[in-house]
Each structure stands twice: as C-alpha cells, then as structure tokens.
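K.L.:
So you can see what is in the structure, the chains are spelled out below.
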Amino acid sequence: MAILVNEQSKVLIQGITGKQGTFHLKRMQEFGTNVVAGVAPGKGGRIHEGVPLYETVFEAVEEHPIDATVLFIPAPYCKDAALEAIEAGIKVIVIITEHIPVMDELFIVNRAKMKGVTIIGPNTFGMASWKCKLGILPNVAFSQGPVGVVARSGTLTYEIVGSLTNVGIGQTSVVGLGGDRVPGTNFIDMLKLFEADPDTKAVVLVGEIGGNAEEEASEYIKTMSKPVIAYLAGKSAPPGKRMGHAGAIIERGKGTYEGKVKALTEAGAQVATFPYEVVDMIQKVLKK
Amino acid sequence: MKCFEYMGKELFAQFGIPVPSGRMVTTAEEAEKVAAEIGRPVVVKSQVLSGKRGKAGGIKFADTPEEAKDAAAEILSMTVQGHAVNRLLVEEKLKIESEIYVAITIDGASQAPVLITSAKGGMDIEEQAEEDIVKVHLDVFLGLQPYMAKDLARRIGLKGALAKGYSDVVQKMYRCMIEKDAELVEINPLVVSGDQVIAADAKVTIDDSALYRQKDIEYVDEDMTEIEKMARDAGIGSYVQLGGDIAVMANGAGITMGTLDMVQLFGGEPANFMDAGGGTGVEGTARAIEILLAQKPKVIFINIFGGITRCDDVAKALAYVKENKGIPVPVVVRMVGTNEEEGVKILQEVGIDAYRNMKEAAQKAVELSKAGEAQ
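Residue numbers (the working numbering), protein chains in the order written: chain A, 67 to 354; chain B, 2 to 376.
Derived by calculation from the structure, the hints in this document are not laboratory data.
Remember, predicted model here, so these are calculated numbers, not experimental data.
Positions of the beta carbon are idealized from the N, C-alpha and C atoms, including for glycine.
Certain hints may be false.
Stated by the list, open to error - In silico DSS-like links for lysine-lysine, alpha-carbon gap of 30 Å or less:
1) A:Lys-85 / B:Lys-160
2) A:Lys-157 / A:Lys-85
3) A:Lys-197 / A:Lys-301
4) A:Lys-85 / B:Lys-360
5) A:Lys-267 / B:Lys-96
6) A:Lys-301 / B:Lys-297
7) A:Lys-301 / B:Lys-365
8) A:Lys-353 / B:Lys-216
9) A:Lys-179 / B:Lys-151
10) B:Lys-136 / A:Lys-288
11) B:Lys-216 / A:Lys-301
12) A:Lys-85 / B:Lys-323
13) A:Lys-179 / B:Lys-53
14) B:Lys-53 / A:Lys-301
Claimed, not checked - Stretches of chain A that chain B covers, calculated by requiring three or more beta carbons in the stretch to come under 8 Å of a beta carbon on chain B:
15) 100-108
16) 112-126
17) 146-160
18) 263-271
19) 276-287
Produce the entire structure from the sequences given, and follow the hints as far as they go.
P.N.:
The structure is reproduced here in structure tokens:
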C-alpha cells in the first residue's frame, strides 16, 4: 500500500475548469488518479474532460463518495474553498495554491485539526501514492517502489525522486509539505505514516534551512525502525536573506544548515551533501 | 512588507492604541512647525526600515521648535544603516518610568499566533533571560479574549490602572493584526508614564500575500535593491541579489537553493537567487531572463525541472529574448519535466543545447564563468 491515498481513492478537484485545473486534471488522469467529480461555480451539471461538475463541494459529496480533494483555487478564494471541503467531510485536502494570506492559512489549518482532516500544503506540489496523484508533480518522475519521500520543497523533490526512478528505485508515496509559513502537515505526521506502512522500506526527507521542522523531526527519527536519508537545501544561503519560502529565514542562529545536519545525524539519519548523493545512499540501505 | 514607524503608529491610532502626539514630515521647516504645535520637548526620529537608529544618530531630542528644525536638518542629511533618510517622525518626548515589551507574530510550527511579552522592554528581547519572557499561543477561533489579556498583565506584574491599560493595548494589537493581515505587530517599548501606557515605537509587518486586500496601506519597498524591485515588478516569485557572476534562474525555492549550493560546490559564485517557478508563462519568464542580463553576469544558468512550470514556456522565452534583444553571454540550460521534448526542440532551433543532468550543467556553468579569467 502507500500512505493517505491509493488507486482506489475517489478524488474531487476544486477549480477544475481553470487553466491549471484543466492542465493538471489531464495529467492526473494519465497517472491513474480516479477523479470522480469537479467543483466549478456556474458550471454545475456540465461534464469537463469526462468529469461531472458541481456548484459546491456539498453537492459533489452528495453524489459521490469522496476521499480526497485537490484545490486549484486562486489565493483570495482558498480559505472558503478549503473550509467548505473540511465541513463537507473530506479527509485529505491538497492545497496547491501559493500566496495564500497567512491569516487564512491559520483558519484553514486549525479548523482541519479540529475535524481530523489532513491538509497537504498550501503552496505544495501535492502528493502521489501509487496510482493516485493529487497535484502537479510531473508523472515521469514518479514510479512505484519501496521508498517514502517527504519534502518541504517541490522542485528539489522532483530532482531526487526523478533520479531514484532513473536507477529503478520506486516510491510508495511522495508528499510535499509546502513552502509556506503555516503548513497543514509536518514531517513527523508523515514519518509516522511511513513508519507504519509495510511497503515503505526507507524514507527520504528533503528539508531546507530556516524554522525548526527538521530538528523536531529528528526527535521522532530516533524512534523509527526504518532508515532515513536526508537532504537539506540552502547550505550556501547568506544568513538573514529570505529565500523564497517565508520559513527559510536564518535568524538568531536558529534553523541553520549545520544545526539541522547535527540534529538529523545524531538521530541516526544519513545526510546527503548534494541531491544526487541520495540515490547512492538509498541503494546502500535497501541492500542491507 | 515592513511598515515605517509612523505608518505603524497611524494604524495603532486607528485601533485606539495610545501613541505620542506627532506627525511624519519630510522637511526641517515642517519639523519646526509640528514641534511648535506640540508645544513641548519633542523627539525627531528618522524613518528607515533598520533597527539601531538611535545608535546611528538617527534619533534626536529637541526642547524648542528651533532645535527640532536643526535636528531634522541634520538627520535628513544622514544615511542610517545604508538608507538615505527621506522622512522623519516628530512627536512629543515621553516621560518614561519603565518599559514593557509586547509583540504578536505567527508561529508556523505551532500553527498559531503567539504573543510574547516582558516587563523588561526597551532592549533586544532575545538577550533577555527566558524567565522574564511570557509566551502565549493563541487560538485563532478564540482570538485574544479580555480574560487572557488580564492574565498577561498579571503575569508580567502589572496592577490597577496599568494592568487595565496594558490589557486594552494587547487586545487592540491582536485586532490590528487580524484586520490588517499583519505577520508581526510589535511595541518596544510600551512606555509606562504615570498610570498610562503609550506605544513609543511601532513595528508592523504586513503579509505580502494579503496586500491585495489591504489597499489603504501605503506600499513600502525601501529594503529592496533596484534589480530586486525590477524582479518584483515583473512578478518574479522570489529574487535576492547576491553578488557573484553566474546568474541563476530555477523554478521553485528549494531547487533554486539546491542549484546555488551546487554552483558553489564546483567553485562558482552565484549572482542571485531567482525562483521563477509557479507557472510564470512565456512573457514573465522573458522578463526574468532580462533581469538576469541586467546583472551583467559572465554566464546564465537556468535549471528547470518542469512541474507547473512548462519547459516549452521557458524555452520560448529564452528564444524570444535571444532573437529580439540578444544574449551576450553563454547560457547553460538544464531542462527536464513537463513538456521537456517541446522545450528542448525550441532551444535547439535557436542554437542552445539543453542538459538533462543538473550536476553536469552546474559544472559547465562554473567552467564557463572561469573561462574568461584563464585568458
């Protein structure tokens, strides 16, 4: 199996008829995702690329059992769309949108916590679990196999997952936590699922400078039975500069590259200096 | 976006937080006029977005309007921490009995607003002993209720009218934060003067992603370089000027950082961090390439792993800039992912080879940046 979703999962797309929604709907379908419905206000009752459209999430869940939803919704409307999905009872919500106001994120993420809903993102490539892709990661990068991948940054993950795939090492699930200040899900949430997933034999953690998510994850890694290989971006970043992600700020000596490497190494994880080293390290731990 | 102190105080006044009487001015004559209106000793403060203004001489006291005029003229001719001073805040000088620290910001890891306060304000909060600082995480659905504010006052040792004034201020700060989409609302110091508390300083940072709905707040871009401003105007997700000679563009903050790390590993110096990810399109990417050229680099290194960013869009943009404006330096492109084949074909037509492997491309970019030096 894989974590959170699989090829049986029934998927909704909110914002399905927009430019990004339409483009990635097709890619998701090619990947094997079972997209059963879409939400597009003003277009309810129509069919878009073979998928029935509804005015609201509530309407869609009345017609279809839905396990997960993906939001391709412009930032100003994301809060409402995500809250609606939470209230409608969908348990996995992937928010691709970037530049959502941080106050809106606080309301989304905290409401989800109260309702036991998993939010992947915001500002993420989404996730892929076997034949179910929720989001925008390129299909070619991903293949099925024994490695779980959890990451804070998107493109870097394609890089690493792509090179694993190139040498024939597939993945159980690949999850992007997203680059925003208030992520819905953290490393520990996903590491726990990978630890419990019988098909995951090793885990790759892709982190970056700033914040203390990697240090916190290290505490959990100490208790894991599965090997963890980590790569951290931003070694060369000048201190105090803002590197795109609001979280990637080195302040007051916290969240430094060195501090994170130390925490992860002490927890028993191996840390790769450059992305392409991850492949060799994974090959070694899988042989053991 | 960081607000100037005077903007923060204008916001505070809107929410009913006590601030000293005063006004922003841009000339020494205006400073004299405002000081005369106040009719008491004043403080003249440079309005720049860096800390330690006092140490740099950017804050002066004046007992008379004439002194205020002289102080203003002097500060306006200064540079404070690299910033030219164009605006001043002239306000009444407070009688300070003690100083309190209070700030509300967002703790991303805890997914909650956090209020940090201390009875010992007026200096760097991070240098204070842990036991002197009170930190409380707030529930966004509850907000900052009156009972919480009263408890905060008690925990930092305030009583009576001061406790009331303080708890009133923290509730209004929280309202300001929520309504104005602030990532940070900080008062340091919140001055105790008689039985009143007054905000002697104001640090407010507005969430850039929420500026679209905060149109009444003036836009401030003082802490950006000229090229950084160009990048912002072009809608580039994120750009930081660094100073080396290899201009770098990648799509996504993480891969951009990874690209910079790799360029440095092979002995090169990146000129910048540019995350042009997020489906920028052909026009946006073409402008991004022009910004890379504006840095006059020795080499341009473009590293794309297409997801939402499409390789053919990036290739079209490169071809457009090459054909129409010319690219006078070598371009190294690494391109894989969404619409890769179309992208590689478009590049071939304009004579640019694309690498598939990031390591080889980074090595080539560094090699080309060194080529001139060897001759």
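K.L.:
Determine which of the earlier numbered hints do not hold for this structure and return their numbers in increasing order.
P.N.:
The structure conflicts with hints 1, 3, 4, 5, 8, 11, 13, 15, 16, 17 and 18, although it agrees with all the remaining ones.
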